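Kindly produce the complete structure, drawing on both the sequences and the hints.
Quick note, the sequences are listed as chains A and B, same order.
Note that the numbering used here gives residue 202 to position 202 of the first sequence, counting from 1, and the numbers run on in steps of one.
Heads up, the numbering used here is the position in the second sequence plus 1000, with the first residue counted as 1.
Simulated from the structure, these hints should not be mistaken for lab results.
In this text the structure is predicted, and so the values were computed from the model without any measurement.
Be aware that a few hints might be false.
What the hints assert, rightly or not - Below are the DMTMM-like pairs computed for lysine to aspartate or glutamate, each with C-alpha atoms no more than 25 Å apart in a straight line:
#, chain 1, residue 1, chain 2, residue 2
1, A, K244, B, D1082
2, B, K1278, A, D104
3, B, K1278, A, D475
If you want the building blocks of each chain, they are given just below.
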Amino acid sequence: MKRWMPIVALFVVSALILTACPSPTPEVIEKVVEKVVEVTVEVEKEVIKEVQVGQPIHIVARCKGAPPHEEGRCNNLVSAVGAANAALAAKGDDRRIELEIIQDNADWGDYKTEFELASDAGQAPDIVCSGHEHIGDWGPAGYLVDVTAMLGDYPEFDDVIDALWASTEWNGKRWGVPQDAEARPMFYNKTLLAELGWSAADIASLPDRIMSGEFTWEDMFDTAEEAVKAGVVKEGNGWWHRPKNGGDFLYYYFAAGGEIVGDGDALIFDKEAALKVYEKLFAAVDRGILSDTRLDGDWTGWHTGITNGDVLFAYGGSWNWAEWFTQYVADRGGQDYLWEHFGFAAIPGMANGTGEPTTLTHPLIYMVSSASEHPDLALLLISKATVKELNTDYAIASGHLGILKSQAEYGPYMSAKFLTQVLPLLEVTTFLPNSPHWSAWSNGYYEGIQAAESGFPAEDALDIAVEYMQNELGDDVIIR
Amino acid sequence: MAEAVMGREVIRGQKPPSRWAQLKATLGAWGFMSPAAVLVLIFFFLPVVILFVISLTDLSSSNFSDPLTFVGLNNYVRLFRDRFFPKILGNTFFYVAVTLSCFNVGMALVLALLTTHINRRAGFFFRLIWLLPRITPSVIYILMWRRISHQPPFGLINQLLAPFGVEPQYWLFEQPWLFVIMVNGFVGASFGLILFSSAIEAIPKDLITAAKVDGASTWQSIRDITLPMIRWPLLFVTTYQTLSLLTSFEYILLLTEGGPGLYTTEVWALTAYKRALKTYFGHNQWGYGAAWGFVLVIIGITMSIIYLRVFRFNELVQEPKIDVL
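Right under this line is the structure:
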């Protein structure tokens, strides 16, 4: 042991001497050099620095987007930095925005929790782009800036489609600015319908027949069952819905005549409407249209099954179109292949429900964190990203709908065939509620869906959902 | 000559140590123990206390920024009223019992015996292979299993069985428990395998040789010499792996998320995690999830006490069994 002592002592003394040594004073040489500055752009975290003539202000933006097609959510903010700084310079403000973006494709639950924890720790990003329904949680919690009075300072916001502002509201105030919109259509496989004996005219007229109420949800199930029996598709592939919980399931409830928002803060759970939904899902499995393992959480299998032509009808989202042509059928002709083999329409009305076709729009919203020291700069940046050029680029790349009135006359947007054909679905659209109770309501309702598809009779599925909601929400849900 | 008095040795005819000396000895003992005691207090005891305190509140993502509201035992009442509580509890015991007996102890023991009864290098190689599931990152390991058992037209099992005319299936969801137990068991077996192998290797060779000289068969020497000699590692692995399995859920989360359908493969720890931290729309109920977690702590402590009593832990730790022999 002792023989190590001198070595240890020597090491300690050397370390102390090195630590105590002052840094050598650098020799100052004046040189003229040619400097090449390279800006490296990273996908997840990116710092944009511009030549600063004023006081640099660091703004952080957090976005969730599937790469590469949805990355415009934060990338458009990056593109807007120049315009924002020019606007500051024009009005004599010596501040300049230095933007950092953090963008990935985290799960919604994790994404939401991250912002909540960051907000509580006082470290939230200045801008967060998230689902409008989170306003219901974050508004009451004090995590967001009420931008109602500030919006008038930015003329760009006058261009936002009026109907979309409702999705930013809670408690009569506005808590953000719409970033995108979409529709959730029913996709159908034209090739399989033709195999089933549908004429070209029948296939082409399907969207109109759905919009007029002639072709209902029940008709869709009958067609799917016929396709399974005829061997056009395998059992369980007549109709697919998403493979995990999500906003889609709410429009089933709306289609069945359900309401969710009442006069007070409590949400409504309409047992009659929910029962119709559970009966439909139970029947779908029972008739061999839908597999009892459809809720397997596997998105890759879902996309692959549909794009490979194994599925007759599928309830999806307009953004799926972009996912498919960029990732799943790119080697088969991309969009041309999709147009040849697939069609889309509104969700057919439930004959024993409202009878009306429907869809759901889930706008993402740019929100300003109450932890931001510069909410005016954050909003300025958002305003410069809320312009038809940037938003159209994003919409075309991602399969989302435009949010600006001016896009209706903007050439590049109007020449995007898919976007213009999806746009009419907004006539029958619905929204998730901006309520702090939505998450628990959704979980309870989804438990009923899982139960119905697992073979529980619809009445039992309803009991499971009701019990869950009463247990989780107490007085915050009205069961009727 | 000495006699034990209150744990100390007192030499006859000599004065007992002074109070100061006793105090010094006691302080010395506590001093040596204190680093470990502080660590145990901070990292084992305090989290349980915090878990219990949180379980008495309604803390959730919707009231995160408000002051804590204590709701007494409401979360526990909710938990026991949950209609799926018996199913989740049953799933948990089923998962622990089958994985433990078939893989973590059963297969580990069989593999240890096999790999110690073959060529030493070959045995080492096979043990190395069995360590692969443990050292493979969880997500990659599970992705691999999902692809193996995937729905038609995918899935390695489907591809392999197709030439034999077996109808392709979504194997993972047709036999979810089989895969949940196998996936966890292959990882768990390596732990026991290493411990059992070293314990078997540590058995003095002359005992086995003597038995063979006396005409004992391989099975007889395993039954009458090897197994009794590795009783302590067997009991340790059983106890440790029971507690480990009780709290493990990450592979199930990644593999089936507790499905297919409603709570088919959902175990207690997964429910606690989902309630507290993981829902699609981010409805995190930390108070309620903590109640699920605290009940699991109680189950774990109860199981530990039962194991320690049944296996007479005090007797086992009095002296090293293998070295004595």
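How the hints compare with the structure:
1. A:K244 to B:D1082: Distance ~22 Å between K244 (chain A) and D1082 (chain B) Cα, so the pair holds.
2. B:K1278 to A:D104: Roughly 18 Å between the alpha carbons, so the hint for K1278 (chain B) and D104 (chain A) holds.
3. B:K1278 to A:D475: Holds, at about 23 Å.
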